[in-house]
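Peer 1: Those protein sequence lines, which keep their order, are chains A and B. In terms of our numbering, the first sequence opens at residue 1 and continues consecutively. In terms of our numbering, the second sequence opens at residue 1001 and continues consecutively.
Don't read these hints as lab results, they were simulated from the structure. Even for Gly, the Cβ is constructed at its ideal location relative to N, Cα and C. One or more hints might be untrue.
Now the in silico label distances, taken between C-beta atoms and shown as ranges [said to hold, decoys possible]:
(1) Gly421(A) x Thr1179(B): 39 to 47 Å
(2) Thr1272(B) x Ile107(A): 48 to 56 Å
(3) Phe422(A) x Arg1085(B): 41 to 49 Å
(4) Glu286(A) x Ala1074(B): 24 to 32 Å
(5) Arg1265(B) x Gly424(A): 17 to 25 Å
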Amino acid sequence: MTGATPSWAVGPFVLYLLLIASLPLFLGRFWEHNRNKLLVAAVLSLPVLVYLFGSKGGEGATEVLHTAFDYASFMALLGALFTISGGICLRGSLTGSPFINLTFLSIGALLGSLIGTTGASVLLIRPLLRANTRRAYSTHVVVFFIFIVSNAAGLLTPLGDPPLFLGFLRGVPFTWTLRLFKQWAFVNGVLLTVFTVIDRFLLARERRRPRRTDDLFPPDGDDGPLRLEGQLNLVWLLGIVAFVFAIGSFGGTLLGESYLRSLVEILGLVGLAALSFFTTARTVHERNRYSWAPIIEVAVVFVGVFITMIPALSYLAERGASLGIVRPAQFFWASGALSSVLDNAPTYLTFASLATGVANAGSGLLSAANLGGLAAHPFGEKLLVAVSCGSVMMGAITYIGNGPNFMVKAIAEQHHVRMPGFFGYVLWSFAILVPLFGIVSAMFF
Amino acid sequence: MKKDILVCLEGSSSAESATRLAIDVARTCGAGLAGLAIVDEPDIRAGAAMGIGGSAFKHERDEALVADAHKHTADWIALFERRCREAGLSGRGIEMVGRPSDAILEEMEGHDLAVIGRDANFRFETEREDLKTLDVVLHKASRPVLLVPDVADTALGSIVLIAYDGSNAAKRALNSFATSGLAPGRTIHVATVDDNGARAWEMADRGVQILAAMKIPATVHSVVSVQSNVDALFTLAEQLQAGLMVMGAFAHSRLRHLFSGSAMRGLVERSTIPLYLQH
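Can you make the complete structure from the sequences, with help from the hints?
Peer 2: Following this line, the structure appears as C-alpha cells:
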C-alpha cells in the first residue's frame, strides 16, 4: 500500500450513490438515457482514476484491472440470471386465494436464492397479479412480494442477491451464505405468517366487487392450468449454480487465484446466457416482455460504482475501527439503513471493508480485497453475517433499496394495482419490516 | 346567457351526472357543448425514486399507462358525442394532454361555464382520488363552475338557493347566475347566515334587490343557527328542497382563504345537490 487513502477519495463514491438515488426523482428525463448515466459515472470516476494511476502508480493500475475483472464477472452473472429467468414463463390462471398467494410467496422465497431475487420476481409477479385481478385489495400482495421474493428470499446463496455475489467475487466461499439459513427462515417465516393474516383479513372485508374488466394486459391466452414454458432454461439455471459453485470451490486450485479464473468464469456465464437466449422460443421472451434495456442500464451504472468504490473500500478497511461501528448489531443496522436508501450491492462491499478494518484491529492480516479471510475469522464472520443480512433484507425498506423493488411496482401499476408512493411504501416497511428487523437484531446480533 | 359550456369527462358516476346535467343545461340555454377528456401525462411520467435498472421498467410502465389513459379518454369522448347526438346537440369532444388542472383552466377560458363531476378523478392512472385538481380549478377559475355530485336527476332542480354574504365572490356568483339563463322558470331563494338575524336579513335582501334589478324575483332568508355556516346552508337547502346552490368560491386574500378554504371543501365534499360556484 502506497500510504493511507485520503478521505477526499471517498467523495466521488458517496456522491455517485447519492446521485443514483436522487436523479431519477428530480431529473427523471435526464436519467432515462444511458448516455447521461455514463456521463455522470465518467465525471465522478475521473478523479478516482487520476488518483489511482497518479498517486498509487502500478498498484493503482493493478487495483483497476482487478476491479474490471470483478465488474465483468458481476455483470456476467447478473446478465446470465436475467437472460435465463427471462426465458421461463409461468402461464395459466389461478384464483388469488390466501392459500394460492401464500404458495406463490413461499415458492418465491425458495427460488430467490436459486435464480436471484430479480429472476424470481420476473418469473412470479405477473402470474400472481393475474391471480389477484379480481381481488378488491391486492396492494398488500405486491408489497409482501417485494419484501419476500424481491429481497429476503435471496439470502441463501451468492446467486440470490448482487451483494452476496460481490462477496463471492471477493473470496467469500459459495456455501458460506448457507450459514444465514436461520435468519432467512425466521424473516421469511414471519413475513409469510403476517401476510397470511392480513390477506385473510382483507379477503373477509372484500365485497367481491368486480375489478375493471378493461385491463391493459388481460389474461388473454393465459387461461387454463398453471404451466411452465421455457423449461430448458431450468437446465441452464442448474448449470449456472453448478458452474459458480465449481469455480468458487475448485477454481483457485485448478486455475489459480488469477485473472484466468475470472476469465473462465465470465466466459462460462456468458456461454450459458447465450445458450439460454438462443434456445428459448421468441414467444416466451415476448410474453415476459424481455428486453436488454434493464441489464444495459445496470451495466452502465455499475461502471461508476465499481470505479469510485475502489478508494472508498480501501479507506474503510484502513480506518474501520476508528469509525465507531464495531459490533455486529451496529453493522446490521448501519449496512441495512444505507442499503434501504442506496443500492445494496455497493453498500455491502463498503461495510464488508469496514468489517475487515474492525476485525483486523491493526494486525493487517485481513484484506478487503479478499473477504474469504473475513468469513473465516471468528469475529469477522459475525460482522459479515450482520452485513449480509442488513444489506439483503433491508434493501426491502424502500423502492430504491434493491433493483427488483421498483420493477415489481412498475409491473403492478401496469396491471392497475394501486401501489403506494415512496413514503406510503416506507410506512408499510416501518410497520412490518423495521419491528421484525428489531427482533432479528436482538435474536441474532 | 351561457353560449358555450364545457363539461369535463371522466369515468366516475359524478362525472356521468355532470355530463347529463351539462346536456340538459345546453339544451335549455341553447348553448354549445364541448366535452374535455384529459390525459395526465405529466403525473404519469413524473420522476420516481427507483433502484438501479429501474428506468427501463418505468419507461415501459409510463408508456402503458399513457396508452391506457388515451384509450379511456377516447372512450369517454365517443360516449359523450353519442349522448349529445341522441339529445340533438352537436357536442364536440376535446382530448388534452397535460396536468388536469392546467388543462381545465386553459379550456375554460373559451367557455362560459364549466361543468365538473365533484368526485371526478382526472389523475386516474396514478392516484386513487384527485382532490388537487378541483382545489386548483376552484381557486383559479375565471368562469363559473357547476360542480355536480353523483345525482340521479337528469336536469337541474327547479328550486335554487343562493348563498349570499356580500363578498365580491358572492356578488360575482349572483350576477353570473342571474345572467346565465338558468334563472328563468326557477324559484329562487337568497339566504345569508349570520349570528345576527337582522343583519343576515339585510344582507340577503341586498342580494334579492340585485336580482330584482335584473327582473328576477327571489325570496329572502336570514339564517341564525348554532350549526356551522355550511350545515345551516345544507339544512335550509333541504327544507326548501333546493336542486341547486349558488355561491361565491374562495375569497382572494390569504387570510380569508385560510378560513374559507376548509369550509369550502367541506361544502363541496358534502353537498348532495349541484353547486354553482364563482371565484
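Peer 1: Hint by hint, say whether it matches the structure.
Peer 2: Each hint tested on the structure:
no.	hint	verdict
1	Gly421(A) x Thr1179(B): 39 to 47 Å	holds (44 Å)
2	Thr1272(B) x Ile107(A): 48 to 56 Å	holds (50 Å)
3	Phe422(A) x Arg1085(B): 41 to 49 Å	holds (45 Å)
4	Glu286(A) x Ala1074(B): 24 to 32 Å	holds (26 Å)
5	Arg1265(B) x Gly424(A): 17 to 25 Å	holds (22 Å)
In the structure shown, no violation is registered for any of the earlier numbered hints.
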